[in-house]
Structure formats: structure tokens, C-alpha cells
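Asks: One-letter residues, chain by chain:
Number of protein chains: 2
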Amino acid sequence: MKFIAEIQVMPQKEILDPQGKAVLLGLKNLGIQNVADVRIGKNIRMELDVADEAAAREEVEMTCQKLLANLIMEDYSYQIFPA
Amino acid sequence: MKFIAEIQVMPQKEILDPQGKAVLLGLKNLGIQNVADVRIGKNIRMELDVADEAAAREEVEMTCQKLLANLIMEDYSYQIFPA
Chain A
580 MKFIAEIQVM
590 PQKEILDPQG
600 KAVLLGLKNL
610 GIQNVADVRI
620 GKNIRMELDV
630 ADEAAAREEV
640 EMTCQKLLAN
650 LIMEDYSYQI
660 FPA
Chain B
580 MKFIAEIQVM
590 PQKEILDPQG
600 KAVLLGLKNL
610 GIQNVADVRI
620 GKNIRMELDV
630 ADEAAAREEV
640 EMTCQKLLAN
650 LIMEDYSYQI
660 FPA
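For the protein sequence lines, the chains are A and B, in the order given. The first sequence lines up with residues 580 to 662 when you count with the numbering used here. The second sequence lines up with residues 580 to 662 when you count with the numbering used here.
Isolated chain A, as found in the complex:
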């Protein structure tokens, strides 16, 4: 069965995010004043072909921990849905 996983990997709250700060400055320069904070991370879209949703979840969890996220500095979250 085919599933699509959308994974978000974001810098942890305590970690400085210079890319986000740059975008915040860019927004002010565009005249957009009412944005309080911007944080930038990665969005990963994975297509999996596994038996069921539990297997998809397990595989995505493993992928996040071993490959996609640096757990010292980043948090991850994901959504899985049938393709």
C-alpha cells in the first residue's frame, strides 16, 4: 500500500535560527511589521510502499531518527496519509 509522509524538521526552540531572522528582516523591509517570529526548517515528502500505516509510521520514525533530524538541535513531526 502506498503512503505519503510529510515530515517537518525544525530547529529546537532554544537554538538560534539565523535563516529565520533573515526572513523576519526581509519582511520588515517589505513593510510587513506584524510578524513576531519566523523559524525555518525542512519539509520532507516521502513516498513509501509498505504493508500498512503502522509499518509506514515505524519506517518514518526510524528515518527521522537516523537520517533526517539531528536530535541535539532539531525536533521532528510528521503526518502520514494514503497516497
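One or more hints might be untrue.
To be verified - Result set (DSSO-like, lysine-lysine): computed pairs, CA atoms no more than 30 Å apart in a straight line:
| hint | chain 1 | residue 1 | chain 2 | residue 2 |
| --- | --- | --- | --- | --- |
| 1 | A | Lys607 | B | Lys621 |
| 2 | A | Lys581 | B | Lys600 |
| 3 | B | Lys621 | B | Lys600 |
| 4 | B | Lys645 | B | Lys592 |
| 5 | B | Lys592 | A | Lys581 |
| 6 | A | Lys600 | B | Lys607 |
| 7 | B | Lys592 | A | Lys645 |
| 8 | B | Lys592 | A | Lys600 |
| 9 | B | Lys645 | B | Lys581 |
| 10 | A | Lys621 | A | Lys607 |
| 11 | B | Lys607 | A | Lys621 |
| 12 | B | Lys581 | A | Lys592 |
Calculated from the structure, these hints are not laboratory results. As the structure is a computational prediction, the values presented were derived from the model and not from experiment.
Chain A is fixed; fit chain B onto it per the hints.
Replies: Then chain B, alone, in the frame of chain A:
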């Protein structure tokens, strides 16, 4: 009123994604074989302080078009919810 916008900026389908290809190769090296495709883009979390959800939507739309996405090569989508 405070809102949080989660914005995904992804390379368009026709555009090569070398970062995604690298992750796919990494997955194979980890022994994970049943992933068909990986694409990597940005996930942006913005905190806005605006009057209502319509205003938030307008602001996020403008931000995506003017600053966050390169519309020649990237697509964007977003979700807005109260903080």
C-alpha cells in the same frame, strides 16, 4: 489576534531535487528499500499578530509570493491556526 502559519515550500514536480536524491540513497544504505521517492523543501513557521484569519491569510500569501518561494521553481502551501 495571534496566529501561527506553517508554510511548506517544495521544489516543483518537474524540478530535479538532488538533496532528496541524496536522502533516498542514504535510506538505501540504511537498508530501507521501500521508499519510492523523497523530496525536500522548506518548512517555515511564522507567528503573526493580525486582526483576523482573513488578514493572516492575506499576509502569508503575500509573504510566500514576494519572499519565501521562487515561483518559477517552487510551489507553496500553508496552514493557519490560532496561536
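Asks: Look at each hint and say if it fits the structure.
Replies: Here is what the structure says about each hint:
Distance hint between Lys607 (chain A) and Lys621 (chain B) is fulfilled; the C-alpha atoms sit about 21 Å from each other, no more than 30 Å. For the proposed pair Lys581 (chain A) and Lys600 (chain B), the alpha carbon gap of about 19 Å is at most 30 Å, so the pair holds. Taking the CA atoms of Lys621 (chain B) and Lys600 (chain B), the gap is near 16 Å; set against the 30 Å cutoff, the hint holds. For the hint pairing Lys645 (chain B) with Lys592 (chain B), the CA-to-CA distance comes to about 21 Å; that is within 30 Å, so the pair holds.
For the hint pairing Lys592 (chain B) with Lys581 (chain A), the CA-to-CA distance comes to about 18 Å; that is within 30 Å, so the pair holds. Proximity of Lys600 (chain A) to Lys607 (chain B) is assessed by CA-CA distance (about 35 Å); at most 30 Å being required, the pair is judged violated. Between Lys592 (chain B) and Lys645 (chain A) the alpha-carbon distance is near 26 Å, which keeps this suggested pair within the 30 Å criterion. Proximity of Lys592 (chain B) to Lys600 (chain A) is assessed by CA-CA distance (about 29 Å); at most 30 Å being required, the pair is judged to hold.
Distance check on the hinted pair: Lys645 (chain B) and Lys581 (chain B) sit about 22 Å apart at the alpha-carbon level, within 30 Å; holds. This hinted pair checks out: Lys621 (chain A) and Lys607 (chain A) have alpha carbons roughly 23 Å apart, not beyond 30 Å. Among the hinted pairs, Lys607 (chain B) with Lys621 (chain A) is consistent with the structure: their alpha-carbon atoms are about 21 Å apart, no more than 30 Å. With a C-alpha separation of about 18 Å, the suggested pairing of Lys581 (chain B) with Lys592 (chain A) holds against the 30 Å cut-off.
The structure shown violates just one earlier hint, number 6.
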